[in-house]
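Visitor: Residue strings, one per chain:
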Amino acid sequence: MWTRIKSWAIAFWRTMRRPSVHYSLGFLTLGGFVAGLLFWGAFNTALEATNTEAFCTGCHEMHDNVFQELKSTIHYSNRSGVRATCPDCHVPHNWTDKIARKMQASKEVWGKIFGTIDTREKFLDHRLELAEHEWARLKANDSLECRNCHNYASMDLTRQSSRAAEIHKRWLGSGEKTCIDCHKGIAHHLPDMAGVPQG
Amino acid sequence: MRDKPLIAIGLLVLIVVAAVAFMAGRKAANTPPPVTATAATSANLPSPGAKPAAEEAPQGNQIDAMRRGIPVNQEGAVPSLAHVENADIKRNRAYPMQPPTIPHSIDNYQVDKNSNRCLLCHARANADKFQAPPVSVTHYMDRDDQFLATISPRRYFCNQCHVVQTDAKPLVANNFKDIDTILSEQPEHKAN
Numbered sequence: 001m002w003t004r005i006k007s008w009a010i011a012f013w014r015t016m017r018r019p020s021v022h023y024s025l026g027f028l029t030l031g032g033f034v035a036g037l038l039f040w041g042a043f044n045t046a047l048e049a050t051n052t053e054a055f056c057t058g059c060h061e062m063h064d065n066v067f068q069e070l071k072s073t074i075h076y077s078n079r080s081g082v083r084a085t086c087p088d089c090h091v092p093h094n095w096t097d098k099i100a101r102k103m104q105a106s107k108e109v110w111g112k113i114f115g116t117i118d119t120r121e122k123f124l125d126h127r128l129e130l131a132e133h134e135w136a137r138l139k140a141n142d143s144l145e146c147r148n149c150h151n152y153a154s155m156d157l158t159r160q161s162s163r164a165a166e167i168h169k170r171w172l173g174s175g176e177k178t179c180i181d182c183h184k185g186i187a188h189h190l191p192d193m194a195g196v197p198q199g
Numbered sequence: 001m002r003d004k005p006l007i008a009i010g011l012l013v014l015i016v017v018a019a020v021a022f023m024a025g026r027k028a029a030n031t032p033p034p035v036t037a038t039a040a041t042s043a044n045l046p047s048p049g050a051k052p053a054a055e056e057a058p059q060g061n062q063i064d065a066m067r068r069g070i071p072v073n074q075e076g077a078v079p080s081l082a083h084v085e086n087a088d089i090k091r092n093r094a095y096p097m098q099p100p101t102i103p104h105s106i107d108n109y110q111v112d113k114n115s116n117r118c119l120l121c122h123a124r125a126n127a128d129k130f131q132a133p134p135v136s137v138t139h140y141m142d143r144d145d146q147f148l149a150t151i152s153p154r155r156y157f158c159n160q161c162h163v164v165q166t167d168a169k170p171l172v173a174n175n176f177k178d179i180d181t182i183l184s185e186q187p188e189h190k191a192n
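Protein chains in written order, with our numbering: chain A, 1 to 199; chain B, 1 to 192.
Do not rely on the hints blindly, as some may be mistaken.
To be verified - Examples of chain B residues toward chain A, derived with CB under 8 Å:
| # | residue |
| --- | --- |
| 1 | L81 |
| 2 | H83 |
| 3 | N86 |
| 4 | Q110 |
| 5 | Q131 |
| 6 | P134 |
| 7 | Q146 |
| 8 | F147 |
| 9 | T150 |
Unchecked claim - Under the rule of at most 20 Å between Cα atoms (straight-line distance), these lysine to any residue pairs were calculated in the SDA-like manner:
| # | chain 1 | residue 1 | chain 2 | residue 2 |
| --- | --- | --- | --- | --- |
| 10 | A | K71 | B | L120 |
| 11 | B | K113 | B | Y156 |
| 12 | A | K177 | B | L120 |
| 13 | B | K129 | A | E176 |
| 14 | A | K71 | B | K129 |
| 15 | B | K113 | A | K177 |
Stated by the list, open to error - A few chain B residues that face chain A, going by a derived Cβ cut-off under 10 Å, partial list only:
| # | residue |
| --- | --- |
| 16 | Y95 |
| 17 | A132 |
| 18 | V135 |
In short, the hints are calculated from the structure, not lab data. Positions of the beta carbon are idealized from the N, C-alpha and C atoms, including for glycine.
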């Protein structure tokens, strides 16, 4: 078995490092370019397809728990009809960070296959842990996903309630705190918060 | 069929009662409704006798808060939803022990076994950080007046007593006068 694999690998290596006999250089470069184009297009399409709310809520774990909780919040239903979908908050928008997050998400595929949270009870048991991952992520990147839409420089404090304006100016404006420090549980219900600092 | 005359009499009585009730109902419908409807209602409902007075407080023996005096055979216009005042302007208490109203919106505040959003700012330990009025010390006492380290479980659900301030009109008439009003009226009575 091992010898067969070895001989096959050696033959493959010899073919690869020998110059082409039948195909022209032009065909190989252009063919490589077109193949690369097709590969990249397919890769990106697949990546974007996994970055939609329909994909996220395709699993009952997301659809029956967190998605239902989102529906009553301002990020789902509001005056002007602007919506934040799952990936807007849970997946970084720029490419390298997105790919890094997608690789981490392989853990979630594992969880799906082995049914880590496939019942309501299991989900509630894991809820604090799952939430803490998200809080840690948003704390580490200075609430980047919030700030993709909510820009402090563009916040008109005079149009906020005086209480909100005061607190934003004092804590967010000074950079002492970041969005997630106070706005935990803004889109989903909170787990037992005993011992978790809020605000 | 010995009961035949009995059944006939019964039917006759029933018809007479129904006719009387019908006439009475028609008469009641024609009399002006006890309370004037709001501007929107009266515009939509040209009911006989409805006064076009707008935005009037409920008067008299109004107990029909849900129907706002609209006859039962007519459909009232739905009043617009009240808006929550979010201006941080505290209202006076109507009587000394009234739980103060909340001068800001509390949309989607989670108050349950897991978390209490109100206490994030109003707990005595956090009040200075958010410049929020701390909850009264009475809320840390159990029913035997013993102080507890945290909020008393019987006071945990803020919305049982405290409500947001809205621009809604009163639904029922209310003649309540607070003690200050009564005291200020005293000299007039003496003069009379």
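Visitor: Next step is simple, just say for each hint if it's right about the structure.
Guide: The hints, checked one at a time:
1. Checking B/L81 against chain A by beta carbon gives a least distance of about 13 Å; that is not within 8 Å, so the hint is violated.
2. Hint on B/H83 is violated. Least Cβ distance to chain A is approximately 12 Å, over the 8 Å limit.
3. With 8 Å as the threshold, the beta carbon of B/N86 comes within range of chain A, its nearest partner Cβ sitting at about 5 Å, so the hint holds.
4. Hint on B/Q110 holds. Least Cβ distance to chain A is approximately 6 Å, under the 8 Å limit.
5. Given hint, B/Q131 at the interface with chain A, holds; its Cβ is 7 Å from that chain's nearest Cβ, closer than 8 Å.
6. With its C-beta approaching chain A no nearer than about 15 Å, B/P134 sits outside the 8 Å limit, and its interface hint is violated.
7. Proximity of B/Q146 to chain A is violated relative to the hint, the smallest CB-CB distance being about 22 Å (cut-off 8 Å).
8. The restraint placing B/F147 at the interface with chain A is violated, with a minimum CB-CB distance near 20 Å, outside the 8 Å limit.
9. Given the 8 Å rule on beta carbons, the hint for B/T150 is violated: about 10 Å separates it from the nearest Cβ of chain A.
10. The hinted pair formed by A/K71 and B/L120 fails the criterion: a straight-line CA distance of about 24 Å is larger than 20 Å.
11. Restraint check for B/K113 and B/Y156: satisfied, since their Cα atoms lie roughly 9 Å apart, inside the 20 Å limit.
12. Annotation: proposed proximity of A/K177 to B/L120 holds, straight-line Cα distance about 15 Å (limit 20 Å).
13. Between B/K129 and A/E176 the CA atoms are separated by roughly 13 Å; this keeps the pair inside 20 Å, and the hint holds.
14. Using a Cα cut-off of 20 Å, the hinted pair A/K71 and B/K129 is violated, with the two alpha carbons roughly 31 Å apart.
15. Restraint check: the Cα-Cα separation between B/K113 and A/K177 comes to about 26 Å, which exceeds 20 Å; the hinted pair is violated.
16. Using the Cβ-Cβ criterion of 10 Å, the hint placing B/Y95 at the interface with chain A is not satisfied: the shortest such distance is roughly 26 Å.
17. The beta carbon of B/A132 is positioned within 10 Å of a beta carbon in chain A (closest approach about 8 Å), and the interface hint is therefore held.
18. The criterion of a C-beta within 10 Å of any C-beta in chain A is not met by B/V135, whose closest approach is roughly 16 Å, and the hint is violated.
Checked against the numbered hints above, the structure violates hints 1, 2, 6, 7, 8, 9, 10, 14, 15, 16, 18; every other hint is satisfied.
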